[in-house]
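Enquirer: Listed here are the chains, written in short residue letters.
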Amino acid sequence: MKKKFLYSDKVKEHFINPKNFLTDKDVAKWNKEADGIGEAGSPACGDVMKVWIKVKDNKIVECRWQTYGCASAIASTSAMSEMVKGMTLDEAEKLTPKEISEKLGGLPQIKVHCSVLGNDALKTAIKNYKEKQK
Amino acid sequence: MEKRIYLDHAATTYLDEEVLNEMISVLKNIPGNPSSLHSTGLEAKETLDAAREKVAKIINAKSSEILFMSGGTESDNFALKGFMDDKKGKHIITTLIEHPAVYNSCKYLESKGFKITYLLPNKEGIVSAADVEKAITRKTVLVSVMYANNETGAINPIKEISEVCKKNKITFHTDACQAGLLNLDVEELGADMMTLNAGKIYGPKGVGMLYLKQGTKITPLIHGGGQEFGLRNGTENVAGYVGFAKALELIQANREKESARLRKLSNNLLKGLMEIEGVDLNGPVDSNNRLPKTIDVSFKKVEGESLMLLLNEKGIEVSTGSACSSKSLKPSRILMASGCGEEEAHGSVRFSLGKRTTEKDIDYTIKTVKVCVEKLRKISPL
Ligand code: FES
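Protein chains in written order, with my numbering: chain R, 1 to 134; chain Z, 1 to 382.
Simulated from the structure, these hints should not be mistaken for laboratory data. Glycine included, every Cβ here is placed at the ideal spot set by N, Cα and C. There's no promise every hint is true.
When the alpha-carbon atoms are kept at most 30 Å apart in a straight line, the in silico DSSO-like pairs for lysine-lysine are as follows [claimed, not checked]:
1. 123(Z) <-> 166(Z)
2. 375(Z) <-> 2(R)
3. 370(Z) <-> 2(R)
4. 12(R) <-> 360(Z)
5. 54(Z) <-> 81(Z)
6. 169(Z) <-> 62(Z)
7. 327(Z) <-> 12(R)
8. 28(Z) <-> 25(R)
9. 107(Z) <-> 169(Z)
A short, non-exhaustive set of chain R residues, derived as facing chain Z with CB atoms under 10 Å [what the hints assert, rightly or not]:
10. 4
11. 67
12. 110
Pulled from the structure, derived: some chain R residues nowhere near chain Z, Cβ distances all over 10 Å [as the list claims (entries may be wrong)]:
13. 1
14. 2
15. 3
16. 9
17. 46
18. 50
19. 57
20. 58
21. 83
22. 106
23. 132
24. 134
Model the full assembly from the supplied sequences, consistent with the hints where possible.
Expert: Okay, here's the thing in structure tokens:
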């Protein structure tokens, strides 16, 4: 019998092989070199996400992340990091949790907040970048 | 077939081959309704009576004290709601670590005006008889404390608790669904009501029973044609009850040997897991106070649902008490009551072993858990 997975194939793909996450040994470097850093946590279940972005000509050229949370949370940040790469800051700011969840082939209702979380971390990182520009 | 190591026997077990064969034979050859008065009916009645007699003998009870029904949940509902039905304004003592079937029955009774005390276990998840005694009021009529806990595996001092109840003339119920490998002699335990189910002892799902000591009165919750002494009505699931009786016979006949085998395996598992950094045991440290099959641990900086799903990909099937995995996004009530913090509950995983678990399975599990925990910690900002 073949193994089954609780969520969509896309969630599984990003959960098992997460893209663009930051390894601990690179954190110090990215803390220094990133143009924007953002963190978000979910009071609902105590999960934490952190996002690092690099910006060039008003475009996000790189997005790295770390997540402590469920499979949907990990998959959401991973998918998001791929989606925002190459986006202008304006576009990235308009990104919605719904779009992330759609990219993942949909999340169960109770897991929607996990995609909100990654999105929040991204928005904080962009804000952080903009503040630095002032 | 892909490799699968099932370590979730506390959730449910597979059907024993011998049990299945007896059930098939009943399904094929005993088509009657035990209430019918012709040969076909009488055969069914005899088969049913034999199953009841077998169960009664194993737990040292009388046949007339065995009520077959649809499972542990129904049995708990009978013991709580059926018993309290005519006891308006009275008081129940139970615990914060009960199965939802008891806990939510109590919540329901509370909403109907009954007074309930929910006892906290100690830091290892064990309920104390002294605490039960202290909680007794003039209005207390029922104490319900589970025999062994489904998450931590903690074994409660049932004899001591039943003695306290006896001394104070209070009825005592225990949910023994996790305790198939323990001593189930109701006389020795001193239980007035005891819940058992088949689906956790290699018997069929949807089958269970309530032991109801002679003289203990409950109100029927399912009304109908007079089956199960008029208390739990409805045509009997004869094949299911036969399967249950067989399953109980098999597990109890071999319980000491199998307990020792599982104890060794679970202790090895625990030892192996403890080699990983940042691991805490949830439940009794002394393995004699813990079910031989159950090990619940918390991994720091790892979320339990993630770990469970990663392990699933590697063919290892476990469960978790993490908030992320629950329908309410709240951490396990049982772990929280058993001395576990919110964060530890978040990283909790339960491994529950069974008949088919081998030494090799445990070695593979330890190795794989190490890899998966490392992987998740790598992508965690904590
Ligand atoms: S992070 Fe807790 S449910 Fe997704």
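Enquirer: Please go over all the hints and tell whether each is borne out by the structure.
Expert: Hint check results:
1. 123(Z) <-> 166(Z): holds, 27 Å
2. 375(Z) <-> 2(R): holds, 24 Å
3. 370(Z) <-> 2(R): holds, 24 Å
4. 12(R) <-> 360(Z): holds, 28 Å
5. 54(Z) <-> 81(Z): holds, 27 Å
6. 169(Z) <-> 62(Z): holds, 22 Å
7. 327(Z) <-> 12(R): holds, 20 Å
8. 28(Z) <-> 25(R): violated, 65 Å
9. 107(Z) <-> 169(Z): Answer holds: residue 107(Z) to residue 169(Z) is near 24 Å, not above 30 Å.
10. 4: holds, 8 Å
11. 67: Because about 6 Å separates residue 67(R) from the closest Cβ in chain Z, which is inside the 10 Å limit, the hint holds.
12. 110: Holds. Min distance 7 Å.
13. 1: Incorrect as stated: the minimum Cβ-Cβ distance to chain Z is 6 Å, not above 10 Å.
14. 2: At roughly 7 Å from the nearest Cβ of chain Z, residue 2(R) sits no farther out than 10 Å, so the non-interface label is violated.
15. 3: At roughly 6 Å from the nearest Cβ of chain Z, residue 3(R) sits no farther out than 10 Å, so the non-interface label is violated.
16. 9: Per Cβ check, residue 9(R) is outside 10 Å of chain Z; nearest 13 Å; holds.
17. 46: violated, 6 Å
18. 50: violated, 4 Å
19. 57: Consistent with the label, residue 57(R) stays out of reach of chain Z, its closest Cβ about 28 Å off (over 10 Å).
20. 58: It holds; residue 58(R) is separated from chain Z by about 27 Å at its closest Cβ, greater than 10 Å.
21. 83: The assertion about residue 83(R) holds, with a minimum of 18 Å to chain Z.
22. 106: For residue 106(R), whose nearest Cβ neighbour in chain Z is about 17 Å away, the distance exceeds 10 Å, so it holds.
23. 132: holds, 21 Å
24. 134: For residue 134(R), whose nearest Cβ neighbour in chain Z is about 26 Å away, the distance exceeds 10 Å, so it holds.
Hint check: violations occur at hints 8, 13, 14, 15, 17 and 18; the rest are consistent with the structure.
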